[in-house]
Each structure stands twice: as C-alpha cells, then as structure tokens.
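If you're matching them up, the sequences are chains A and B in order. Reading the first sequence from the start, the letters are residues 1 to 291 in the working numbering. Reading the second sequence from the start, the letters are residues 1 to 291 in the working numbering.
Keep in mind that the hints were calculated from the coordinates and are not lab data. We treat Cβ as the ideally placed atom computed from N, Cα and C, and that holds for glycine.
Derived, one-sided and incomplete: chain B residues facing chain A with beta-carbon distance under 7 Å:
| hint | residue |
| --- | --- |
| 1 | Glu79 |
| 2 | Thr83 |
| 3 | Trp86 |
| 4 | Ile115 |
| 5 | Tyr122 |
| 6 | Ala142 |
| 7 | Tyr144 |
| 8 | Gly146 |
| 9 | Glu147 |
| 10 | Leu164 |
| 11 | Asn169 |
| 12 | Arg179 |
| 13 | Asp180 |
2 protein chains.
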Amino acid sequence: MHFEFYILNFEFSFMNRTNLINLIYAKRSFLCIGLDTDLTKIPKHLLDFDDPVFEFNKQIIDATHDLAIAYKPNFAFYECNGTKGWRSLTKTIQYINNGYPGQIFSIADAKRGDIGNTSQQYAKAMFDPASSGMNFDAVTVAPYMGEDSVKPFLSYSDKWIIVLALTSNKGAADFQFFRDPERRLFEQVLTKSREWGNKENMMYVVGATKAEMLTDVRKIIPDHFLLVPGVGAQGGSLQEVAKYGLTKECGLIVNSSRNIIYASPGLDFAEKAREEALKMQQEMTEILIAK
Amino acid sequence: MHFEFYILNFEFSFMNRTNLINLIYAKRSFLCIGLDTDLTKIPKHLLDFDDPVFEFNKQIIDATHDLAIAYKPNFAFYECNGTKGWRSLTKTIQYINNGYPGQIFSIADAKRGDIGNTSQQYAKAMFDPASSGMNFDAVTVAPYMGEDSVKPFLSYSDKWIIVLALTSNKGAADFQFFRDPERRLFEQVLTKSREWGNKENMMYVVGATKAEMLTDVRKIIPDHFLLVPGVGAQGGSLQEVAKYGLTKECGLIVNSSRNIIYASPGLDFAEKAREEALKMQQEMTEILIAK
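For reference, chain A alone in the conformation it holds in the complex (with noise of 0.2 Å):
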C-alpha cells in the first residue's frame, strides 16, 4: 500500500546524516519508537494472526510513520521467540523499508560486539539483506571489546553504528564510571571511539535517566547524535535531555518503546499509540521552533 513512495524517494533511501537531518525537520521530530514487541503484551486480538508480532508492529508503523523519524525493534523480543521470532524481525524491517523508504531511520536494536572476523558477520547480519534479508540503518553495539570489535560495522558506507556509552539502567553505575585520574569510563569510551569514525557514520546511546551528564557528554562529542533511551517508562524527562543534549542540528533521536506501543491492551491500540506519539512530537516541535 506504501509502495508509491518507492520511486519517489529511491534516491533518499540511504540514510546518511544530511537526510536524517532532512527527516527530523521535515517531521519536527525526533522520535524514535522502540518496537519492543512482547507476545504477552499485545492486544489479545492479534493472536488469531499468522505472524502476531509482525501484525502488531505493521499497525503501529501504520499509525505512527509521520510522527517518528526512527523505529528500533529490540532484538531480545524477537529472538525469544526463536526463528519464528527472526522471522516476525526480517518481515518488519522488510516492511519499514518497502514502505517507507528515505522516511524512517532504522535501528538495530541488537548490542552486539566480538572479534574483528565475528563483527563481521553481526555487520552482514544487520546491514547485507543479500545475505540476512535484513537492512537497517544503524545498529547498537557494545564497546567492551574495543576497537577490532566495532570496525567492522563501520566498511559499510551509508550505515551507522551507536555505540554504548552511559545506558539509562541502574546497572550503568558499576562500570561505566570507573575512573582513571583523567576520566570516568563512559568519557573514556566516547574519547576513543571518536577516532574510529566521525559524526557521519557514529552516533552513542546515553539514558535519559543521566540527563544532567549530557554536559558531560557533550564536552567530548559536541555534535554526533545520541540515541537516547529511557523517557517515559525508565523515568527520564524529554525537557531535560533537550536541555543538556540537542545541537543546532538537533543532534538527538529520543526513544520511546512501552508508553507509546501499549499505550492500551485493546482493539484501538494503534491509535492510542498514535495519540502518546503525537503528544510527544508536539512537544519536540516546540523544543525545535524554541531552538
């Protein structure tokens, strides 16, 4: 049904970071919704569906794509229900690009990392359909193992990683602010995986629970983007991560995943969706005329 933006928009179908900046004006959003797809969660209608989760996200997708400039299905929903799950994964990102091609900015939600030869394949499994059926965007990946780790996934042009650098969860505070004299490790990590790529091809995850370290953050990476989780059901305030973290070119994708995809259990669950993610836009339309 979305197929008549395909010629229109063939040119735009590379996300590099001149469109995405396109995107988030021309939707004065920057809204990402997080597809994390819960079988036990969703409207109990949906069952009665071949693929219930694929069905799940084609409606919110539906319901929402001119009011996020980004989806981010998290790969834990889906590997947990085995191939069949990879299956509802594939036919997802498959959708998002047949149909709305140069309009959605798309996530691999995945915080993979390993070996140079094993990134490799993560790299074919996010971004090569020819060998996966899968093309996303970007993928989240985590820096622990260093430099040889991530490369990989950036000799792909016109794809992006994020990389892990202050995440929103309680957890955060064990590793990621350990101190050399010079540094906590999250700065540590934003310091030197700067230099593997540029504000082109790399964008870093920090929580919006740590708003006010947005400062921080931004002393070392004053314009890559950020993929910020955790507003709404974590706690964080889109007011504050606006405050501390967007540029002049914005400079900010923020998620939101449970607010807004179970918005309610019930047969109107798109459009409740709709109405969380229009409240959200409307609040980043006026952060970005304010700015």
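Following the hints, put chain B in place on chain A, whose structure we already have.
Then chain B, alone, in the frame of chain A:
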C-alpha cells in the same frame, strides 16, 4: 541414532558444576569446539543439503563428541544467514540436547547484555525451549551495562553465564586495561560481578593470548571456571593457559574453532576435524594427569 544415551543419562541432562567436572575427567578433556560455521568455508559438497550449516555441525559433533566436553555456536555466524540461520542454530542445539544428553556442555556464544527487561527476553531465547526452541547450558554476556543487565540470566537454575573479562583480541587493550588507582577494568569486572552469582553459575572469558595475566585473574577468582578462546588461529598456547589458569578441579574450558572445524575443505572434513580435536584432547589429558 544417539537416543540410546537419553535414558542412561537423563538425570545428568542439566549441567551443574559437579556434572561438568565429572564430564571433564571422564573424557580427560577440557576442549570446547567453536561452531563458527561459515557457508563460504564449509566443504562444497555440503551445499547440496537442505541445511548445509546444520549438516556440517552434525557431522563435526558426531565425529568429535567423545573428545570435546563443550560446543559453542557463535551466534553471528548464524544471524548473518537471517531466519534460515536461526533455524540451523536451533537444530544444532536440539541435536546436541537430544543426541548427547548429559555429555555436552552447550554454550550460546552470543555476548548479550541489555537493561533488565530486555536481558530477561534474551535469557528466554537461550534457556527456555518452550519459548525459543533453544536450551543452552550457558550464555556469554557483555558486562558494560552492569548488574541488572546480567542478573536476569542468573534467575534460571542450573544455567550459567560466562562474563567477558579479558578478551583475546587486540581491541581488548582499549578499555579492559583502563584503570583506577586500585585495578584495571577487567579486574573491576571480576571483583564486582563475582558477587552477583557464584562459582556454580558464573564463568569468565579470559583470552589465551593473554595467558600470563591469568595469574592476576586467579587472584580474584581462584575457583571459577574460565572459558578461554584464542588458542590456535588467534595464537594462544594451551601449555601457557594451563600453567597459569588450571585449578585442582580443572577450572578451564579451552575453545578452538577454525583450527578444528576447517582442518580440511574436502569430503574428509569431519575425520580431519577429529584428528585435530584428538591432538588437543591428548595434550589436555597429559596436562590433567600431570596436575
């Protein structure tokens, strides 16, 4: 064909520490074979099978199951093939569980880790066959996100997590040696995380390429099992690893992947893999006897 073992060993089909140690002494081996199965590297004649990756794994396992105590499918090599790859992976773990119950310690080499509610879903993927079809004994996890990213995996009894401490790759130096006045990050990971579980449900990854550092590791965790990658293709030495890492209950699982599974590109690949595995098992037997 191997179901005759099922009745004999059913009560051993969960792999707690005692059973694991018994297995090591029964087979006189602490060898793990890494199933990094790559469609471009397996013998050409297997490409005629409906599922070449599974067929390769099956023949490798059948040819080496008495010499290896563990198999470690590396998830990246399955994910790069998309849904089809997950089917090969699922069939492989099911083959191990059904064909060799109580005789194999199975490791999901997935390097997962995310906020609590997400790690919970990853744990279901690895440990809950009713949900995902997969039932591994252990999963490798990345520690960057701290305690709440790791704990959900520990809520399964008789299952193990294997935390990345000191990895075998060059990039390990980027962050794992970052230090505060008292210790380096990998030592901080060992020190903090050992409180989250115990030697009955936690192991650590320590690369063979850094064998001399096993002395520092053993000061912090004298009794925990270590999963040691990097022997063989990556250049680590089995003798060095044993010298610094072996305990009175063995305490080591040493992995080899490419050296064994790609010993021959021909029709004799399984036979040649057995020859390579046998060399390692014999060296391990000598090490165990000498101890």
